[in-house]
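Trainee: Produce the entire structure from the sequences given, and follow the hints as far as they go.
Protein chains in written order, with the working numbering: chain X, 1 to 309; chain G, 310 to 676; chain B, 677 to 1022.
Keep in mind that a hint or two might mislead.
Unchecked claim - Part of the chain B face toward chain X, derived, beta carbon under 10 Å:
id, residue
1, P825
2, W828
3, A911
4, A963
5, F1015
Think of the hints as simulated: they come from the structure by calculation, not from any bench.
Fair warning: this is a prediction, and the values are worked out from it, not measured in the lab.
Where is the CB? At the ideal position from N, CA and C, for every residue including glycine.
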Amino acid sequence: MTASRFRRSEWEARIADLKFTLYFLRKNSLVISGLIMASFFIILALIANYIIDPSLAYEFDISRKLIWNNPIINFGTSSTISYTNEIFLLGTDIYGRDLLKMIILAIPLDMYVAFIITVGAAIFGVLLGAIAGYAGGKIDEILLRITDIFLAFPGIVLALVFAAMFGRTIENVMLAVLLVWWPPYVRLMRAQVLSEKEKLYVEALKALGASPFRILFKHILPNSIYPILVQMTLDYGGVILTFSALMFLGFSPSPALPELGNLASQGYFHIFDAPWLLIFPGLVIVVIALAFNLVGDGLRDALDPRLRR
Amino acid sequence: MAHHISKKEVILEIKNLKVNFTTYRGIVKALNHVNLKLYAHEVLGLVGESGCGKSVTALTIVNLLPENAQVVDGQIIFKGEDLLKKSKEELRFIRASEIASIFQDPMTFLNPVLTIGEQLKEVFMLNKEALKQAIVKKKVLKRKLSYSDFLSLKKEANDVPIDNINVSKKDIKEIVKDLCIEVLKIVKLPDPERILHQYPFELSGGMRQRCMIAMALARRPSILLADEITTALDVTIQAQILHLIKELRDIIDASILLITHDIAVAAEVADRIAVMYAGDVVEVASSIDIFKNTLHPYTKMLMKSIPIIGKLTEKLEFIPGTVPDLVNPPSGCRFHPRCPYAKEKCKTDTPEIKEVAKDHEVACHLY
Amino acid sequence: MKLYEYIIRRIILMFFVLLGVSIIVFYLCRGFPTAFAPWTPYIHGKMTAEQIQEVIKSHGFDKPLYIQYFYWLKDILSGEWGYTGTWAQHLPANRVFFDRFPYTVELAIAATILTVIIGIPLGIISAIKSNKLPDHISRIIALTGYSTPSYWFGFVLQLVFFFYFSRWGLPYLPSSGAVSSHLIGRVPTITGIPILDGVLACDLEYAWDAFLHLILPSFTLSFISLGFLARIVRASMLEVLRQDYIIMARSKGLKERIVIYKHALRNAMIPAVTLTGMFFASLLGGAMISEYVFAWPGVGQAAVQAVFQGDSNFLLLYSLVLAGVIVIANLIVDILYTFLDPRIKY
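Mentor: Written out as structure tokens, the structure is:
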């Protein structure tokens, strides 16, 4: 009886909190534009495979390779002679595929992969951080040291090494990237748990006889979820960048895979005669990452307890 | 304790001050129409509960309100000019040489990464003219300057010729150091030389508060705004600081506006006491009269709710109701929901403050 | 505890971290079934099967992994880091590393200076004029930088400033390498850092050439991080500006300039200093992708090749140096803290 009454007022407090947060967000026009862009890409990712036939990715036509006939932009390179009557808005790549279509196909892949990695890293990191923070003592020390070791490397290096060792499949590269992104969550969650642990309601719950798991996951976790969500949104862009960078460097299982970094890697060899190959896939990455970073940054400002009134 | 009040010069007058704050919950009407006069050489206690607007009043005088505040109406007349109409730069100048403020919590109001000496020196360095005069005077007197010498310089300023004097950086450094030590001595800090090199966290609460007072004195102000300066200290230190203030009022030329929520503290030091409630000044009288002849219902209840040690009482008196929400303040007289004498008129008309007895003003429809 | 006790404690801790790192990397490089044969750097095509077996035996490659680890530990303690593969002409790993390291250092210093010069003022302006136009602009710049893949940005810069500028007849910037090929070796290698060597040898043409080569890669690196630094500076400035001692400073009648730069900045700089320190340290590991894109002869570029070739010797040296650098940078930053914030004592 008392437990459910307690929970209800907890929720009321959370809803009031949420309303306050939304007030802050509404005032921030950059966040709104970020949200619009992010939603656009999410929708695009969801419908991409339906508006463009995925098998187009494997239809090569060498006769149409490296064409640029978009009348609006002129790159001033030699491959601008048009062999067909078809206008390729973003040109064709070295396999003769329409770059625009390839990019659209690549978006769901990148976004989905980044989503899995971010969520996976968050779950893993949060678990470790919760245990470290709550258990304290030796367990805490050990977990912290391990995290420090991982943090001692710049992400790309570690991801590179992992990816090279695991082998060139998408899943392996995903694992490699995940292994690089979990440490921040450990720190975050641990800090949250440490500060919540001292609060009175935890004492009360312990006095009521709640088990540590219940305390951690039913009570502390929901109260700490905000910074974790913010971190996830901010990390999302970074994960896309890291993943596509690895693909760019050559960890893609197949050179024809429609993935933004992979598409850009073709551009590496044709940088001066077919610059569009590099520019447009990269540009799409920038916009997607920017959208999520705008949202995450705005969220972080809105939720920062020190900046709220 | 209290000095006899005679018709003296008004050094600061606040007329019908109205200040609002824009917040998430709405517009907070913090100051309704504040009317206050500060006379020269007096200590005026400004008393009221938390949230009644005392600090806001002080901050408004020196233009230190946060960004979401707007001064909607009113005038603050200082030396014949309306401060509210002055530019930011002019007000900065006034803060540097005329109106000094001391605040509540010396731990948070002192910069933790700078030494006391640093924070004190920069105050002196604001007024290079005064420093030059001090150097000249020192050469004339052939001894180190005392604080009273420095004070009197303010009056004799025009007599000391500085136009053709070249002072070296070394001279300035020296005189600043001398003055820092002098001003620290005035606030009764032991071993001033050492304190100059210390950081705020190395000192005790009382010592930090004295340093803040020293920083105010360094500016030779005509008005000292002391905002809850004893609130963050324990009772014994409180007594020491109040004692210091009492001594200071004889040494320096300034008027002191002592803001506190504790009427007993005000009674200790102040000549006159002004009582504020929810953004209005409701009663002003000498500190004797306000106890002997309390007029405003709020003040009466305030007096009754102070437990007197040693006197047996049945139960603790308190004022019924709660402090009003300033986003939707009560209409008319803001005290009417809690006032036992409230009439119909009190709900509709805001009472003006007026003099009902000699040197005793009240804002209430009862009078 | 005293400062030197603290330092000693940290250094001991560092050894444990390095040990941990070496174990992880060792297992990764030599333990995975998909890993390249670890004896590859030691053999070349002309060897017979027996000779290959010889090599394997003499370096203990046929023994279990943990024994290999001890072999390796023994080797490195006597300064023997092994040889690199074909990709680096089979030179000793430490020679390859330390030949290239100064180039990475040059790039790291240049990128850090750029980041600090642009990032910190950007953050300060954002904080002072928060939620107004300058803040929005700086936020967009910051977040765009943060969202940009370095390989893309590097190439775009090359495209514009090298390719198109030369096409359009404008003075253009070199797109790859640290020094123009016709100038290599013209100046004695004292520090290994091209600009410094050029200046020390009073060869201004060389130094200028090195400088030009430095522009695009360092700008690429800094563009991506200066946004992050600006946001951190903004956040901590905003928090500091709300503090009571800022009200006190203003109430003293101090000029706004002094309030901001003397009172606020001193307190707000602390996180920015940490960040800059860590940024510099991570750059010392070689910004792999930027070095790759600009063909910059630093350790990062070498590491990329080493990874693809499975060269465990080089990778082990590389990761250990990198981890060590970062841990030391951490320590230096923490010590710096005590000078910046007198309240902190260890």
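Trainee: Would you mind marking each hint as holding or not holding in the structure?
Mentor: To see whether the hints hold, each was checked on the structure:
1. P825: holds, 5 Å
2. W828: Status holds, d = 3 Å.
3. A911: Nearest chain X Cβ about 8 Å off; hint holds.
4. A963: holds, 8 Å
5. F1015: violated, 24 Å
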